[in-house]
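> Sequence:
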Amino acid sequence: CMSELWGDVVLGLLFWGLANDTTTLADAPTLYPLFGLGANVAQALAGTVLKAFSGVGSHGTFGSEIQALMLVVLGFSVATLGLHHSIHRGHVKARRAKAAQA
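Using my numbering, read the sequence shown as starting at 1 and increasing by one per residue.
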(Lines of atoms letter the chains of each structure in order from A and count residues from 1; the text may use other names and numbers.)
(Lines give C-alpha, C1' and ligand atoms only; values in the text may rest on other atoms or scores of the structure.)
Protein backbone atom coordinates (compact mmCIF):
# COMPACT_ATOMS: atom_id res chain seq x y z
CA CYS A 1 0.00 0.00 0.00
CA MET A 2 2.76 2.46 0.89
CA SER A 3 4.71 1.72 -2.29
CA GLU A 4 1.75 2.73 -4.46
CA LEU A 5 1.24 5.90 -2.45
CA TRP A 6 4.93 6.81 -2.64
CA GLY A 7 4.96 7.43 -6.39
CA ASP A 8 1.83 9.59 -6.37
CA VAL A 9 2.92 11.66 -3.40
CA VAL A 10 6.51 12.18 -4.51
CA LEU A 11 5.61 12.99 -8.10
CA GLY A 12 2.93 15.39 -6.92
CA LEU A 13 5.32 17.16 -4.57
CA LEU A 14 8.03 17.40 -7.21
CA PHE A 15 5.59 18.72 -9.80
CA TRP A 16 4.08 21.38 -7.55
CA GLY A 17 7.54 22.36 -6.32
CA LEU A 18 8.63 22.96 -9.91
CA ALA A 19 5.37 24.81 -10.64
CA ASN A 20 5.90 27.07 -7.61
CA ASP A 21 9.50 27.79 -8.62
CA THR A 22 8.72 28.66 -12.22
CA THR A 23 5.31 30.36 -12.00
CA THR A 24 4.97 33.96 -10.91
CA LEU A 25 2.29 35.02 -8.48
CA ALA A 26 0.56 37.00 -11.23
CA ASP A 27 0.43 33.96 -13.56
CA ALA A 28 -0.64 31.45 -10.91
CA PRO A 29 -4.44 32.06 -11.11
CA THR A 30 -4.32 31.40 -14.84
CA LEU A 31 -1.89 28.48 -14.94
CA TYR A 32 -2.74 26.42 -11.84
CA PRO A 33 -6.23 25.40 -13.05
CA LEU A 34 -4.62 24.31 -16.33
CA PHE A 35 -2.09 22.23 -14.38
CA GLY A 36 -4.95 20.56 -12.49
CA LEU A 37 -6.83 19.90 -15.72
CA GLY A 38 -3.68 18.40 -17.23
CA ALA A 39 -3.30 16.10 -14.23
CA ASN A 40 -6.86 14.82 -14.60
CA VAL A 41 -6.46 14.25 -18.34
CA ALA A 42 -3.19 12.41 -17.70
CA GLN A 43 -4.91 10.06 -15.25
CA ALA A 44 -7.62 9.29 -17.78
CA LEU A 45 -5.04 8.63 -20.51
CA ALA A 46 -3.04 6.41 -18.16
CA GLY A 47 -6.13 4.30 -17.53
CA THR A 48 -6.75 4.01 -21.27
CA VAL A 49 -3.15 2.93 -21.92
CA LEU A 50 -3.30 0.38 -19.11
CA LYS A 51 -6.57 -1.01 -20.44
CA ALA A 52 -5.08 -1.30 -23.94
CA PHE A 53 -2.11 -3.33 -22.67
CA SER A 54 -4.00 -5.66 -20.38
CA GLY A 55 -7.34 -7.33 -19.89
CA VAL A 56 -9.77 -8.60 -22.48
CA GLY A 57 -8.51 -8.26 -26.02
CA SER A 58 -4.80 -8.24 -25.25
CA HIS A 59 -2.84 -10.62 -27.43
CA GLY A 60 0.14 -11.49 -25.31
CA THR A 61 1.26 -13.31 -22.24
CA PHE A 62 1.32 -11.65 -18.86
CA GLY A 63 5.09 -11.25 -19.09
CA SER A 64 4.97 -9.51 -22.45
CA GLU A 65 2.22 -7.17 -21.22
CA ILE A 66 4.33 -6.18 -18.21
CA GLN A 67 7.39 -5.62 -20.41
CA ALA A 68 5.39 -3.42 -22.78
CA LEU A 69 3.99 -1.40 -19.88
CA MET A 70 7.45 -0.96 -18.39
CA LEU A 71 8.72 0.31 -21.76
CA VAL A 72 5.90 2.85 -21.79
CA VAL A 73 6.76 3.90 -18.22
CA LEU A 74 10.46 4.15 -19.11
CA GLY A 75 9.71 6.24 -22.20
CA PHE A 76 7.51 8.67 -20.31
CA SER A 77 10.03 8.84 -17.46
CA VAL A 78 12.81 9.83 -19.85
CA ALA A 79 10.51 12.40 -21.49
CA THR A 80 9.60 13.80 -18.06
CA LEU A 81 13.26 14.07 -17.02
CA GLY A 82 14.09 15.85 -20.27
CA LEU A 83 11.20 18.27 -19.85
CA HIS A 84 12.15 18.99 -16.23
CA HIS A 85 15.76 19.61 -17.23
CA SER A 86 14.71 21.97 -20.01
CA ILE A 87 12.33 23.94 -17.77
CA HIS A 88 14.84 24.13 -14.94
CA ARG A 89 17.69 25.21 -17.22
CA GLY A 90 15.54 27.95 -18.79
CA HIS A 91 14.38 29.14 -15.39
CA VAL A 92 17.93 29.32 -14.05
CA LYS A 93 19.05 31.32 -17.11
CA ALA A 94 16.14 33.73 -16.63
CA ARG A 95 17.05 34.20 -12.96
CA ARG A 96 20.70 34.88 -13.81
CA ALA A 97 19.72 37.39 -16.50
CA LYS A 98 17.37 39.15 -14.09
CA ALA A 99 20.06 39.24 -11.38
CA ALA A 100 22.59 40.64 -13.85
CA GLN A 101 20.22 43.48 -14.75
CA ALA A 102 19.64 44.41 -11.11
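Treat the hints as calculated values from the structure; they're not laboratory data. Hints are not guaranteed to be accurate.
[Claimed, not checked] Distance ranges between label pairs, derived from CB positions: (1) 43 x 17: 17 to 23 Å; (2) 28 x 102: 21 to 27 Å; (3) 20 x 51: 14 to 20 Å; (4) 30 x 64: 18 to 24 Å; (5) 95 x 54: 42 to 48 Å.
C-beta atoms are modelled at their ideal positions from N, C-alpha and C, and glycine is treated no differently.
> Please go over all the hints and tell whether each is borne out by the structure.
Checked hints:
1. 43 x 17: 17 to 23 Å: holds (20 Å)
2. 28 x 102: 21 to 27 Å: holds (23 Å)
3. 20 x 51: 14 to 20 Å: violated (33 Å)
4. 30 x 64: 18 to 24 Å: Between residue 30 and residue 64, where Cβ atoms are some 44 Å apart, the hint is violated.
5. 95 x 54: 42 to 48 Å: About 44 Å separates the Cβ atoms of residue 95 and residue 54, which means 42 to 48 Å holds.
Hint violations for this structure: numbers 3, 4, all remaining hints satisfied.
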